[in-house]
Amino acid sequence: MCSSDLYANNQLNGSGFQEQRFLARDYTSLYTKPDVFTNRSPFLNFTGRHAFNDQWTFFGNAYYRYISTGSFNADINENSLDQSVYQPSTADRAALTAAGYSGFPASGATAANTPYPFWRCIAQGLQGDEPGEKCNGLINRGRSQQHNAGFTGQVSSVTSHGANRNQFLAGASWDRSSVHFDSLTQLGYLNPDRSVTGINAYADGKTGGTVDGEPLDTRVNLNGIIRTGSVYATDTLSIGKAWNITLSGRFNRTSIQNFDQLRPVAGPGSLSGDHAFNRFNPAIGVTYNPHPLLNTYVRYSESNRAPTSIELGCADPETPCKLPNAMAGDPPLNQVVSKTWEAGYRGQIEGIARFSAGWFRAENKNDIMFVSSPQTGFGYFKNFGQTRRQGLELDVDADIRRVNLGFNYTLLDATFQSVEDVNGSANSTNAAARAGIKGVESYIVIQPGARIPLAPRHMGKIFADIQVTKKFTATLTMNAFSSSYARGNENNLHQPDGNIYLGPGKSPGYAVFNLGGRYQLHSRLELFAQMNNVFDRRYYTAAQLGPTGFNDQGTFVARPLPANSDGSFSVRQATFFAPGAPRIVWGGVKIHF
Numbered sequence: 000m001c002s003s004d005l006y007a008n009n010q011l012n013g014s015g016f017q018e019q020r021f022l023a024r025d026y027t028s029l030y031t032k033p034d035v036f037t038n039r040s041p042f043l044n045f046t047g048r049h050a051f052n053d054q055w056t057f058f059g060n061a062y063y064r065y066i067s068t069g070s071f072n073a074d075i076n077e078n079s080l081d082q083s084v085y086q087p088s089t090a091d092r093a094a095l096t097a098a099g100y101s102g103f104p105a106s107g108a109t110a111a112n113t114p115y116p117f118w119r120c121i122a123q124g125l126q127g128d129e130p131g132e133k134c135n136g137l138i139n140r141g142r143s144q145q146h147n148a149g150f151t152g153q154v155s156s157v158t159s160h161g162a163n164r165n166q167f168l169a170g171a172s173w174d175r176s177s178v179h180f181d182s183l184t185q186l187g188y189l190n191p192d193r194s195v196t197g198i199n200a201y202a203d204g205k206t207g208g209t210v211d212g213e214p215l216d217t218r219v220n221l222n223g224i225i226r227t228g229s230v231y232a233t234d235t236l237s238i239g240k241a242w243n244i245t246l247s248g249r250f251n252r253t254s255i256q257n258f259d260q261l262r263p264v265a266g267p268g269s270l271s272g273d274h275a276f277n278r279f280n281p282a283i284g285v286t287y288n289p290h291p292l293l294n295t296y297v298r299y300s301e302s303n304r305a306p307t308s309i310e311l312g313c314a315d316p317e318t319p320c321k322l323p324n325a326m327a328g329d330p331p332l333n334q335v336v337s338k339t340w341e342a343g344y345r346g347q348i349e350g351i352a353r354f355s356a357g358w359f360r361a362e363n364k365n366d367i368m369f370v371s372s373p374q375t376g377f378g379y380f381k382n383f384g385q386t387r388r389q390g391l392e393l394d395v396d397a398d399i400r401r402v403n404l405g406f407n408y409t410l411l412d413a414t415f416q417s418v419e420d421v422n423g424s425a426n427s428t429n430a431a432a433r434a435g436i437k438g439v440e441s442y443i444v445i446q447p448g449a450r451i452p453l454a455p456r457h458m459g460k461i462f463a464d465i466q467v468t469k470k471f472t473a474t475l476t477m478n479a480f481s482s483s484y485a486r487g488n489e490n491n492l493h494q495p496d497g498n499i500y501l502g503p504g505k506s507p508g509y510a511v512f513n514l515g516g517r518y519q520l521h522s523r524l525e526l527f528a529q530m531n532n533v534f535d536r537r538y539y540t541a542a543q544l545g546p547t548g549f550n551d552q553g554t555f556v557a558r559p560l561p562a563n564s565d566g567s568f569s570v571r572q573a574t575f576f577a578p579g580a581p582r583i584v585w586g587g588v589k590i591h592f
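Its first residue numbered 0, the sequence shown is counted upward by one per residue in numbering that gives the first Met the number 0.
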């Protein structure tokens, strides 16, 4: 019996996407602030093994994990970007006067002379009318607590029959998770430093007034219980020294019960629901070893993944979510079923080099994808008919005197394989834009063969471990990724026009160099140092299309463009990037017991 314990306690500031024009001016800038995410998680794990005899062995594993996360984030209220937010109306001025306010403009407030409006927001909050449309800022607070526990038990046996050998394994596992999640959005107004000052109005269905005639209510208070039970078995028959045939199967059953504390009765707008997912997944594999230093393989396998509580709670395109900070009433999602084919070979030149090459193809049915909504950072989960991920993987590493050199490369072709309509309001090729009205809510059509966003086609790594002395080892790595399409550009057709649509529809490729060193002071004591992003390269790990509330000077602006022929107001759309980490240096001491 052995155990391991882990504990994490951290805080992350500025984890959100940033608009490309702000990044060009200041790589460390935040779109809005504060943007704070905290995490605390202890983890306990226990393993045990017992050999009954020379043939049968039992292995068991049990774990417990607690995860507590919290978020405190300010955002622009995209509902305000096509609204009249500057000059207080007669009713607004009366409400402000009655509440004891003074100094508000009697007339003439515009975007030109009021770059950061707030009087209409305060007034609408006092009246409980439309602060959800007239306040240009939001403060989102979210909290989740999860208790995860489970165990696995399996037995294995090995028998021999002449030159043939058979290995059998069977087991079962059970996991249970309880989740509590709550969130609340406070309305407010933007300040010149892009922070948000809250007012006494919340998206609670009461004090937040209405948006498009409907009460504004984005509250979440959810309890969920997820149980997963599995039984599985694997049998491997070795025929002589060259052939191995493996057959396996696994049956999974997952039940998810969501209990909405705000709207407990299941139905439209409620998170309450009782879901169950079952599937048997077979697999077969064959390996052939024509030489002791060469191995070839072919495999086929099936797997399934049930939706999570959060995915089930954020599957309504009419009520998008800012994950992991919100969920909404859900149409049910189907489980993902993946069918995977693999083939390749592995080999080595004894004492000199090792190499492998493989081909893979995975067809996913009902893949669960997070699709962008009109609001930056918001979206919803959707089942796609079919997606495909296929490609090649190459690995080579060699020992040359005191240097170990290595190279890893993956060619990934990740594509949609079904025709789908998804929100594309920030995409220049959406239906409304093609009809002549740009910058308004609309949809795009995904055609089979379109590449999946956030999935680079080329990924590579080169590394070198150099034994400088008997005690000192230096490591140099380069990680490289090609460009990938932005979320919101699922049809791969977005093109900026420099006026309404700003920025590209993809994030550029990049390469980052890292340098490390280890010095062995003693057999049980080691010093280490690490520098990531040695050249302090500015790069982006992901991109997303969405509306922007700022002009080229970095000042907030609502209704930046003239009214359209139908009376609507276009909103400028931009590319938002997730900036990569700057140069980071750290070091420490490792003690081995």
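Hints listed in this document are in silico derivations from the structure and should not be mistaken for laboratory results. Computed from a prediction, not measured in an experiment: that's the story for all the values here. Just so you know, even glycine gets a beta-carbon here, dropped at the ideal spot from N, CA and C. Wrong hints could be hidden among the right ones.
[Claimed, not checked] Heads up, simulated BS3-like pairs for lysine-lysine below, C-alpha to C-alpha not over 27 Å straight-line: (1) 470 x 589; (2) 32 x 205; (3) 469 x 338; (4) 470 x 460; (5) 364 x 338.
[Unchecked claim] FRET-style restraints, in silico, Cβ to Cβ: (6) 102 x 565: 36 to 42 Å; (7) 292 x 14: 33 to 39 Å; (8) 474 x 446: 43 to 49 Å; (9) 88 x 199: 18 to 24 Å; (10) 446 x 3: 44 to 50 Å; (11) 466 x 0: 22 to 28 Å; (12) 50 x 14: 26 to 32 Å.
Indices of hints not satisfied (ascending): 3, 7, 11, 12
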